[in-house]
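Use the sequences and the hints to build the structure in full.
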Amino acid sequence: MGDLSAANHPPVAVTDDLRSVMRNFASGVCVVSTFSDAESTRRHNALTINSLTSVSLTPPLVSLSIRRDSTFLDDLMESRVWALSILDGGAEDLARIFARPAEDRMKALGSLPAEPGRQTGALLLDSAAWMECRYRDHLVAGDHLLIVGEVVGAGVNDSRSSLIFLHGEFHRMDQNAI
1 MGDLSAANHP PVAVTDDLRS VMRNFASGVC VVSTFSDAES TRRHNALTIN
51 SLTSVSLTPP LVSLSIRRDS TFLDDLMESR VWALSILDGG AEDLARIFAR
101 PAEDRMKALG SLPAEPGRQT GALLLDSAAW MECRYRDHLV AGDHLLIVGE
151 VVGAGVNDSR SSLIFLHGEF HRMDQNAI
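Residue numbers (the working numbering): 1 to 178.
No false leads were mixed into what you were given.
Okay, the calculated beta carbon distance ranges per label pair: (1) V12 with R160: 39 to 49 Å; (2) G90 with Q119: 22 to 32 Å; (3) T58 with S27: 18 to 28 Å; (4) R160 with L18: 26 to 36 Å; (5) L18 with R43: 30 to 40 Å; (6) D174 with D74: 32 to 42 Å; (7) A102 with N157: 25 to 35 Å; (8) V156 with V55: 13 to 23 Å; (9) P11 with P113: 41 to 51 Å; (10) E78 with R172: 28 to 38 Å; (11) V152 with A38: 19 to 29 Å.
The hints are simulated quantities; they were obtained by calculation from the structure and are not laboratory data.
Using N, Cα and C, we set each Cβ at its ideal position, and we do this for glycine too.
In structure tokens form, the structure reads like this:
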């Protein structure tokens, strides 16, 4: 795939303007998880994201965007599989936990109600919905890597709300609110 890294970085004002614009765009909140089998020991890793996008239904593809300097990205590119837990409206604490530094995230993952995905990383049991994905392709996009995955499993849990991120804050979106 191509490389969208900018040879010349945009002025800071444009970056700040984009940040302000994107604060007005509501997005769902997910925890993406994967693993690494480095040194013959399986190590699980998870990360909060709000960059999940449905790309195609046939074949079923989604994309996510992860900082290129992330240790999580290293693990994901090694395993080539990941699980997505779309967070329930009451899961703000989980979103904050998995937005912390890698060491804190890995410790937390071992203490939460989760189950291994059939083919991928850990699925959080209190999520609104879930997906399991297998690596398909990627694109370098500035300081992030845009990763496309094929959905190999998905489901919806009995949830009445979803967690969204808007104006720099988490919000609960109830089903009857729309």
